[in-house]
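Chain B: place on chain A using the hints.
Respectively, the protein sequence lines represent chains A and B. Mapped onto the numbering used here, the consecutive letters of the first sequence carry residue numbers 150 to 277. Mapped onto the numbering used here, the consecutive letters of the second sequence carry residue numbers 150 to 277.
No lab work stands behind these hints: they were computed from the structure. Note that this is a predicted model, so its numbers are computed, not measured. We treat Cβ as the ideally placed atom computed from N, Cα and C, and that holds for glycine. Hints are not guaranteed to be accurate.
Residues from chain A that face chain B, not an exhaustive set, calculated with beta carbons under 7 Å [said to hold, decoys possible]: (1) 176; (2) 247; (3) 251; (4) 256; (5) 259.
For reference, the chains in residue letters:
There are 2 protein chains.
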Amino acid sequence: MPRSTSRRRSALAHPEVGEIDLLDVMHALSDPTRMTIVRTLAAEPERACGTFPVDVAPSTLSHHFKVLRESGLIRQREEANRRLTALRSADLEARFPGLLATVLAAYERTAYERTASERTASERTASE
Amino acid sequence: MPRSTSRRRSALAHPEVGEIDLLDVMHALSDPTRMTIVRTLAAEPERACGTFPVDVAPSTLSHHFKVLRESGLIRQREEANRRLTALRSADLEARFPGLLATVLAAYERTAYERTASERTASERTASE
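One chain only, chain A, in its complex shape (with noise of 0.2 Å):
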């Protein structure tokens, strides 16, 4: 059988919405880059590839984006010369209710203690 023309797009693999699994899930959520992307994307719709706030070395950044695809987190699309990523918010809820949610909610907990704390040492460093 003869390749897709399209090859770019055909190895853009994104699991169905009943195939999403939720060890996979977890797994791709267990990373701060990849929380970090998946939060970022849940206060805007669709984004460009490279411009997360995220430092890290491309290569790295396409791996992320690879266990995120792979887990049913996001979905990516080309158009014209970008790569475009979109959060599944929709297949998640109707996966597993209430997950995603939760976890980002546990998350920001944790991010706003973690500024908490580097403010703090910040300032004992500047009186110092």
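Same frame as chain A, now just chain B:
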């Protein structure tokens, strides 16, 4: 300060409630054996280590308990010659409200589907 005389007990490190990290919890819950341990403990308060319905080597099981303990999901204590394990439900609820219940409910959906598809497959085999 002198070290505790109960060296073995002091080797079982448990994070304080306020130290429980969400990413560690997500990682701990991304494995099927660890998920089975947590689901088993959700149904009963405390259990001896060798009595979990999992089929893995003792050294592997020991590793899984360590990951769960260090993430803050379980508490282990020695009593006579047994090590008893309990889920830190109240601590988890205080730290990340609703998280454990939501994740376990999500996993039950998956577990049900898996059982149903295994049953269908075995019925198909039986009728052949």
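Verification of the hints:
1. 176: Holds. Min distance 4 Å.
2. 247: 5 Å, holds
3. 251: Hint holds; residue 251/A Cβ to chain B Cβ min 4 Å, cut 7 Å.
4. 256: 5 Å, holds
5. 259: Since chain B brings a Cβ to about 5 Å from residue 259/A, closer than 7 Å, the hint holds.
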